[in-house]
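Each chain, letter by letter, is given below.
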Amino acid sequence: DVKVTQSSRYLVKRTGEKVFLECVQDMDHENMFWYRQDPGLGLRLIYFSYDVKMKEKGDIPEGYSVSREKKERFSLILESASTNQTSMYLCASSLPSPGTSSTSYNEQFFGPGTRLTVL
Amino acid sequence: DQQVKQNSPSLSVQEGRISILNCDYTNSMFDYFLWYKKYPAEGPTFLISISSIKDKNEDGRFTVFLNKSAKHLSLHIVPSQPGDSAVYFCAASARNYGQNFVFGPGTRLSVLP
Chain A
10 DVKVTQSSRY
20 LVKRTGEKVF
30 LECVQDMDHE
40 NMFWYRQDPG
50 LGLRLIYFSY
60 DVKMKEKGDI
70 PEGYSVSREK
80 KERFSLILES
90 ASTNQTSMYL
100 CASSLPSPGT
110 SSTSYNEQFF
120 GPGTRLTVL
Chain B
6 DQQVKQNSPS
16 LSVQEGRISI
26 LNCDYTNSMF
36 DYFLWYKKYP
46 AEGPTFLISI
56 SSIKDKNEDG
66 RFTVFLNKSA
76 KHLSLHIVPS
86 QPGDSAVYFC
96 AASARNYGQN
106 FVFGPGTRLS
116 VLP
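Keeping their order, the protein sequence lines are chains A and B. According to our numbering, the residues represented by the first sequence are 10 to 128, in order. According to our numbering, the residues represented by the second sequence are 6 to 118, in order.
Simulated from the structure, these hints should not be mistaken for laboratory data. Nothing here was measured: the structure is a model prediction, and the numbers come from that model. Backbone N, C-alpha and C define an ideal beta-carbon position, used for all residues, glycine too. Treat each hint with caution, since some may be false.
Partial chain B-side listing against chain A, Cβ under 10 Å, derived [claimed, not checked]:
#, residue
1, VAL9
2, PRO14
3, PRO49
4, PHE51
5, PHE94
Build out the structure end to end from the sequences listed, making use of the hints.
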């Protein structure tokens, strides 16, 4: 049974603070993802990683950075939190998708989310 | 501009009836589609998927239909149960997206007893 855990369910920070959101998965997945979920906008990809030490920008990377020092752990960093970063943050992991000859992709497994409020 | 759209923010259905959730997409390169279900205070969980080589996929009470020419897919839940009340997200992917998905904004389904 895949388990993705996130360090906090709720977090309240002040503008300008540095914020760390931690995500750990226990299924030896290569791929890990950080999303934010906002009403009417769905899940938007912030950063992703297909391997240790590797990171790629998603659709909305501005104001965020990530770190992946170990395969099971993917951290999201808000260098200087701002009020527009108040959101629900979701971490996910997956196996690599099959090769280009395949017609399927591997599903992503999500953590429970961290609701971050920046005051 | 959203590439995956779910134009109904919410839907209410009577228990035992059919729920139909719709999803439209604009990118003709999308070749794989998934539905996720999300309860409050939980992460999304995978529900069902469909490849573009098919037009229907069924799993128990859940069926997804794909109309490629219309760039439209729908999720049918029959019969609907109160436990199906959740937010449903449509997601899509394409080879040039690597292993990433593009998610729609979600539809909140309420199944009334």
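Outcome of the hint check:
no. : hint  : verdict
1   : VAL9  : 8 Å, holds
2   : PRO14 : 7 Å, holds
3   : PRO49 : 5 Å, holds
4   : PHE51 : 4 Å, holds
5   : PHE94 : 6 Å, holds
Hint compliance for this structure: every hint is met.
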